[in-house]
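Here is what each chain is made of, one letter per residue.
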Amino acid sequence: MKLTQTIHLSLLGSALVVAGCSRTEGDDKKDDDKDKGRGHGHSTYTHAWFPRYYGGSGVRSTTPIPSSPASSRGGFGSTGHATAGPAGT
Amino acid sequence: MKRNLLAPRDHWQQIVEKQGLYFHTIDGMPYWDESVYYSFEAGELDALEQATYACNDMCLAAVQHVIDHQLFDRFLITPEFVDFIIKSWQTEELSIYGRFDFCWQPSQPPKLLEYNADTPTALLEASVIQWFWLKDRFPAMSQFNSIHERLLEVFQILRGQGLPRLHFAAMKGHLEDYMTVQYLRDVAAQAGYGEMGATYLNIEDIGWNERRRTYTDLQERSLSAIFKLYPWEWMIREQFGPHLLEGQTRWFEPAWKVLLSNKSLLALLWQMFGADPEKSAYLLPAFWSEEELKQRLGPSADFVKKPILSREGCNITAVEGGRVVAETGGPYGAGPFVWQQLHRLPDFGGHFPVLGSWLVNGWACGMGIREDTMPITGNSSRFVPHVLAK
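Residue numbers (numbering that gives the first Met the number 0), protein chains in the order written: chain A, 0 to 88; chain B, 0 to 389.
Hints listed in this document are in silico derivations from the structure and should not be mistaken for laboratory results.
Certain hints may be false.
The following label-pair restraints were derived from C-beta to C-beta distances [said to hold, decoys possible]:
| no. | chain 1 | residue 1 | chain 2 | residue 2 | range |
| --- | --- | --- | --- | --- | --- |
| 1 | A | 69 | B | 40 | 34 to 40 angstroms |
| 2 | B | 191 | A | 71 | 31 to 37 angstroms |
| 3 | B | 3 | A | 71 | 50 to 56 angstroms |
| 4 | A | 73 | B | 162 | 42 to 48 angstroms |
| 5 | B | 27 | A | 82 | 36 to 42 angstroms |
| 6 | B | 10 | A | 71 | 43 to 49 angstroms |
| 7 | A | 82 | B | 89 | 27 to 33 angstroms |
| 8 | B | 323 | A | 69 | 29 to 35 angstroms |
| 9 | A | 73 | B | 160 | 44 to 50 angstroms |
Covered by chain A, per the in silico footprint, the following chain B stretches (three or more residues, Cβ under 8 angstroms) [to be verified]:
| no. | segment |
| --- | --- |
| 10 | 25 to 31 |
| 11 | 124 to 135 |
| 12 | 168 to 181 |
| 13 | 206 to 212 |
| 14 | 230 to 238 |
Here a beta-carbon is modelled for each residue, glycine too, at the ideal position from N, C-alpha and C.
All chains, full assembly: derive it from the sequences and hints.
Here it is, written out as structure tokens:
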């Protein structure tokens, strides 16, 4: 039986991570607009407890967006919201 | 196995929040409950480990059995998804994790209550929170817990398989699900994916690009591989479900897990292994009808009735001595159901623990305990830590 010796966490423990739980696509777009205004491609933050930093809940990257028409969204998730409970067990 | 009392650490809420457990309190009561801990001897944890491997072996055999005997209707799998599931099995798509829930009465083998094979949570608590608690309270002692290391390994394997980017998705607005996914994302980043190679996406924000015939993220990148904390039985019935059949996305957990997260599994396992004295020691008799249960176990048999697709202890009915002794509500009351022989949880002064045994990439690697004052474990049942006493 192998036992854990060390655990390092980089992402967890930041209130900003939690804030991402209720973020919407609209929030991400607003942030993207703000980021563009500040002249950098993605938002970052730091937390004293952990040395590394991450973006918020939305995808943040400078990868070019393909020129194809936008995807439709919202095709997954309806059952979970209808049952009004978590998806985890 | 002993239940012990211990004063919680000062400011324990702030401590566990710094480790990512923001959902430590539910309705004003501790969900993470460090006023209690369980202690085990090494032989007991060895027995739990053995039970976990035995149940996993039986479950893998059950998947093959369903395919060989075309039993998909027992699992409410519609015909159009059968080939999709079979393909994920035959190509040996890797499973990251699962959690077996056991009832363990002293002097008996652990008995499988159910297998949370697709979307198990309570992972952060088992892997991280109780480990840091152990280091604070009993630094010289150990714990059945190498979950974190095994997760690191499995994400390193995935990276070695040429999956350059992983997305991680959970349903919007559910903090426990969200933090479970963020923990996995954190581990994947440490395993080599880095912060930009392991990205989060709400399950509702998964896109379908009609022209490119691919699932996409919010930046219109194709989803090559995604971990979704969202059950298969919901996905295949939703608007984007049919696209699963043509999409090139690699999903975690893999589609074959839909057979193991379904409580029809319990009846199938008993049908397959009930006559095997060694393997059946870990199982409870379970059937697809109350009539069959009474035929096999006797007309006065006590039982628990479970919807085959229920979650978080919803719509469970326990019948003892011919009367209902416990019952939970929920949205799954329409069934269909399985009937499982009632096996009482151990009673520690009115507290009933269920042992959740974690399997990561095929390794039995840790345990998390949930206890309740009800004999049915639900979403708000308390998580309590454990130690290896000797």
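Structure-based check of each hint:
Checking the proposed 34 to 40 angstroms range against residue 69 of chain A and residue 40 of chain B shows it is violated: the Cβ atoms sit about 59 angstroms from each other. Here the CB-CB span from residue 191 of chain B to residue 71 of chain A is close to 33 angstroms, well matched to the stated 31 to 37 angstroms. Between residue 3 of chain B and residue 71 of chain A the C-beta distance comes to about 54 angstroms, which sits within the given range of 50 to 56 angstroms. Judged by the Cβ atoms, the range 42 to 48 angstroms given for residue 73 of chain A and residue 162 of chain B is violated: they are separated by roughly 26 angstroms.
For the pair residue 27 of chain B and residue 82 of chain A, the supplied restraint of 36 to 42 angstroms is violated, since their beta-carbon distance comes to about 24 angstroms. At about 47 angstroms, the beta-carbon gap between residue 10 of chain B and residue 71 of chain A stays in the expected band of 43 to 49 angstroms. At about 32 angstroms, the beta-carbon gap between residue 82 of chain A and residue 89 of chain B stays in the expected band of 27 to 33 angstroms. Taking the beta carbon of each, residue 323 of chain B and residue 69 of chain A are about 52 angstroms apart, not inside 29 to 35 angstroms as hinted.
A C-beta distance of roughly 31 angstroms is found between residue 73 of chain A and residue 160 of chain B, which places it outside the suggested range of 44 to 50 angstroms. For a cut-off of 8 angstroms, the count of residues in the segment 25 to 31 of chain B with a CB near a CB of chain A stands at 0, and the three-residue condition is violated. Residues of the segment 124 to 135 of chain B lying with their CB closer than 8 angstroms to a CB of chain A number 4, which satisfies the three-residue condition for coverage. Counting residues of the segment 168 to 181 of chain B whose C-beta sits closer than 8 angstroms to any C-beta of chain A gives 12, which meets the bar of three, so the coverage hint holds.
Taking a C-beta to C-beta cut-off of 8 angstroms, the segment 206 to 212 of chain B contributes 6 residues in contact with chain A, enough for the three needed, and the coverage statement holds. Restraint check on the segment 230 to 238 of chain B versus chain A: 6 residues with Cβ-Cβ distances below 8 angstroms, three needed, restraint holds.
Taken one by one, the earlier hints fail for this structure at numbers 1, 4, 5, 8, 9, 10, listed in ascending order.
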